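Residue numbers (this note's numbering), protein chains in the order written: chain A, 1 to 105; chain B, 1 to 112.
Simulated from the structure, these hints should not be mistaken for laboratory data. Fair warning: this is a prediction, and the values are worked out from it, not measured in the lab. From the three backbone atoms N, C-alpha and C, an ideal C-beta is built for every residue, glycine too. Check each hint, because a few of them may be wrong.
[What the hints assert, rightly or not] Taking CB as the label site, the calculated pair distances span: (1) Ser99/B x Gly54/A: 17 to 25 Å; (2) Thr67/A x Ser58/B: 24 to 32 Å; (3) Arg12/A x Lys83/B: 29 to 37 Å; (4) Glu85/B x Glu9/A: 16 to 24 Å; (5) Ser28/A x Glu97/B: 15 to 23 Å; (6) Gly54/A x Tyr10/B: 20 to 28 Å; (7) Val73/B x Gly16/A: 43 to 51 Å; (8) Asp39/A x Leu100/B: 13 to 21 Å; (9) Ser7/A x Asn52/B: 37 to 45 Å; (10) Gly16/A x Asp63/B: 49 to 57 Å; (11) Ser28/A x Asp63/B: 41 to 49 Å.
[Claimed, not checked] Here are the simulated DSS-like cross-link-like pairs (lysine-lysine), alpha carbons at most 30 Å apart as the crow flies: (12) Lys42/A x Lys15/B; (13) Lys42/A x Lys79/A; (14) Lys63/A x Lys44/B; (15) Lys62/B x Lys83/B; (16) Lys62/B x Lys78/B; (17) Lys57/A x Lys44/B; (18) Lys69/A x Lys57/A; (19) Lys63/A x Lys79/A; (20) Lys42/A x Lys83/B; (21) Lys78/B x Lys59/A; (22) Lys42/A x Lys62/B; (23) Lys42/A x Lys63/A; (24) Lys59/A x Lys69/A; (25) Lys83/B x Lys44/B; (26) Lys42/A x Lys71/B; (27) Lys71/B x Lys44/B; (28) Lys15/B x Lys83/B; (29) Lys57/A x Lys71/B; (30) Lys69/A x Lys44/B; (31) Lys11/B x Lys71/B; (32) Lys79/A x Lys59/A; (33) Lys44/B x Lys42/A; (34) Lys42/A x Lys57/A; (35) Lys42/A x Lys11/B; (36) Lys44/B x Lys11/B; (37) Lys78/B x Lys44/B; (38) Lys44/B x Lys62/B; (39) Lys11/B x Lys83/B; (40) Lys68/A x Lys44/B.
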Amino acid sequence: EDQVTQSPEALRLQEGESSSLNCSYTVSGLRGLFWYRQDPGKGPEFLFTLYSAGEEKEKERLKATLTKKESFLHITAPKPEDSATYLCAVQAKVFGQGTRLTINP
Amino acid sequence: EAGVAQSPRYKIIEKRQSVAFWCNPISGHATLYWYQQILGQGPKLLIQFQNNGVVDDSQLPKDRFSAERLKGVDSTLKIQPAKLEDSAVYLCASSGEDSLLTFGSGTRLTVV
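Build out the structure end to end from the sequences listed, making use of the hints.
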């Protein structure tokens, strides 16, 4: 059974304080590791897709990396507008519980 | 490009009543998903359609939940009868060949 575990459940940072979110997964034959951002009252919004170990993708202050067992979402010098819940998913449809990120000004 | 449309936005019902949610996916997206998201948790897949056929409904409580996708476009998810634990946000998503999900804003269901 495909499984995804995210940590930490919640993370509070000061503006400009860099950190990483973790997504550990168990899957038979990875067909994509997806990162989404979810704002309160909205549906998740696509950020990145990673397919193979060693792959990296960047968008503004976010960088996603992938190994054979986990993915990291690195956030560099975050701003308050980066506050959201970040979700990862495997096989396009099995989601973790998310990390609720709060950036204080 | 228009997004995924869902209605209603909010719904409050009493337990044992029935409720239906509607979803219109992005034009041309063959795959449609319904998720249940309980507060503080990630989305849980209920059912996946490819065109108008069911691909995965392994986590759909079939004694009370049903879904259909007519003509491979719009979809309806129904709960009958509702229980208190069905209170959640019901998200619809669609995808094309890249499996990249585009979500609607969801329907927030409160069962009292």
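Okay, the hints, checked on the actual structure:
no.	hint	verdict
1	Ser99/B x Gly54/A: 17 to 25 Å	holds, 20 Å
2	Thr67/A x Ser58/B: 24 to 32 Å	holds, 28 Å
3	Arg12/A x Lys83/B: 29 to 37 Å	holds, 35 Å
4	Glu85/B x Glu9/A: 16 to 24 Å	holds, 21 Å
5	Ser28/A x Glu97/B: 15 to 23 Å	holds, 22 Å
6	Gly54/A x Tyr10/B: 20 to 28 Å	violated, 44 Å
7	Val73/B x Gly16/A: 43 to 51 Å	holds, 47 Å
8	Asp39/A x Leu100/B: 13 to 21 Å	holds, 18 Å
9	Ser7/A x Asn52/B: 37 to 45 Å	holds, 39 Å
10	Gly16/A x Asp63/B: 49 to 57 Å	holds, 52 Å
11	Ser28/A x Asp63/B: 41 to 49 Å	violated, 29 Å
12	Lys42/A x Lys15/B	holds, 25 Å
13	Lys42/A x Lys79/A	holds, 20 Å
14	Lys63/A x Lys44/B	holds, 25 Å
15	Lys62/B x Lys83/B	holds, 14 Å
16	Lys62/B x Lys78/B	holds, 10 Å
17	Lys57/A x Lys44/B	holds, 26 Å
18	Lys69/A x Lys57/A	holds, 17 Å
19	Lys63/A x Lys79/A	holds, 15 Å
20	Lys42/A x Lys83/B	holds, 24 Å
21	Lys78/B x Lys59/A	violated, 38 Å
22	Lys42/A x Lys62/B	holds, 27 Å
23	Lys42/A x Lys63/A	holds, 23 Å
24	Lys59/A x Lys69/A	holds, 22 Å
25	Lys83/B x Lys44/B	holds, 17 Å
26	Lys42/A x Lys71/B	holds, 27 Å
27	Lys71/B x Lys44/B	holds, 25 Å
28	Lys15/B x Lys83/B	holds, 5 Å
29	Lys57/A x Lys71/B	violated, 37 Å
30	Lys69/A x Lys44/B	holds, 21 Å
31	Lys11/B x Lys71/B	holds, 26 Å
32	Lys79/A x Lys59/A	holds, 14 Å
33	Lys44/B x Lys42/A	holds, 16 Å
34	Lys42/A x Lys57/A	holds, 24 Å
35	Lys42/A x Lys11/B	holds, 16 Å
36	Lys44/B x Lys11/B	holds, 20 Å
37	Lys78/B x Lys44/B	holds, 16 Å
38	Lys44/B x Lys62/B	holds, 15 Å
39	Lys11/B x Lys83/B	holds, 14 Å
40	Lys68/A x Lys44/B	holds, 23 Å
Of the numbered hints given earlier, the model fails hints 6, 11, 21 and 29; all others are met.
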